[in-house]
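Engineer: All chains should be built: construct the whole structure from the sequences, respecting the hints.
Here the sequence shown stands for residues -26 to -1, 1 to 366, where the numbers follow mature numbering (1 follows the signal peptide of the UniProt record, and there is no 0).
What the hints contain is simulated information worked out from the structure, not anything from laboratory work.
The structure displayed is predicted, hence computed values, not measured ones.
Hints may contain errors.
Said to hold, decoys possible - Pairs of lysine to aspartate or glutamate, DMTMM-like flavour, derived with a Cα cap of 25 Å:
| # | residue 1 | residue 2 |
| --- | --- | --- |
| 1 | 214 | 136 |
| 2 | 180 | 346 |
| 3 | 113 | 64 |
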Amino acid sequence: MNKKVLCFVLSLCIGAAACFPAGVFAEKEQGEAVQTAQSDALGVSAQSAALIEADSGRVIFVKNGEERLPIASTTKIMTALLTLEASNLDTYFTVDPNAIKVEGTSMGLQEGDQVTLRILAAGMLLASGNDAANSAALKVGGSLDEFAIMMNKRAAQIGMKDSNFVTPSGLDAQNHYSTALDMAKLARAALQNPDFSAICSQKSMKLSYGNPPYDRWLSNHNKLLKSYPDCIGVKTGFTKKAGRCLVSAAERDGVTLICVTIKAPSDWDDHRKMLDYGFSQVQAVELSGEVPGTIPVVGGVSDQVTPMVQVAPKASVSSEDAGKIEMKIVSQPFLYAPVKQGDCIGEMRYYLNGELLKSAPLTAKETVAADERVPETSFWDKIKSWFAGWGK
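Structural biologist: This is the structure we're talking about:
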């Protein structure tokens, strides 16, 4: 490259850099420095990791959280969620003989076995059965390809922007990947399903399946359920390509945390450190139930009604943020009488730094009866009155 061309290229680079405020680069470097400092301080072995507060989804800790990596059997979080969102969960059917012919971990399905979708979900979340994942995918999606489409559609709904699903089991496949932050979002959505949360929190379960069905026990591969007292799930994973993958959730004193590690040589230890760190940073606070002001009422014996929050919600925030929560009343500008005590008349929303934390219904504290002394104007009288006023 001659000197003139080199100078031209350098001038372009300098000019491009000048288009951005110095703070943009400083902010990025500062964020990376904080992330590195956190990782070094906690000694997280994982190549990628994330810790979020489940209530709001706020990120507490992250290490390479947006790096796209294979995720092994933690994929079954998505498969189990879709399975449990299907209909007829407890109706027995015969497994597809081709679905159960799959390598890796198994719940022990054999040709001719009778199962239900709920049992298959348990087989995925506890025993990490690849046979369970394939069987459920064929039953719910009709084919593995169609089920993959369902997986990616659900991922988009959850907001998983850096994920792509190909297999229901998580066996290595080209273009099958996710990130620590995306998997935290997935676990957060899955735990909101009561069937999912009930299954993934069990150390073991008695299930009835076979030909004919008979009772048997499956143990959960998630050792944190026994070694970490606050653990409530979620799913393990391993392949040679993905390494050790783990998604866990824990609840303590009203705070629920979700932890994800990908390619972690010491995943159990990573999760204990990260969860302990998270619980030291976040606390559950009871939000104020006091509602300032009243809402106007038209045509009532009183011209206003007092709104109230019957049960003040709780939110998980850091100690420094506890005093920064703002409240906003969302309701109609006025109400028509009658208004009965306990009627839902709006919503109280709680915000932290402009982000919605929680919401709670607003109800009427008292009854406002209609004022029967004021005769109701008929529709035609209203029309006549309007024309009379318009002509003046």
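Engineer: Run through the hints listed earlier and report the numbers of any the structure violates, in increasing order.
Structural biologist: 2
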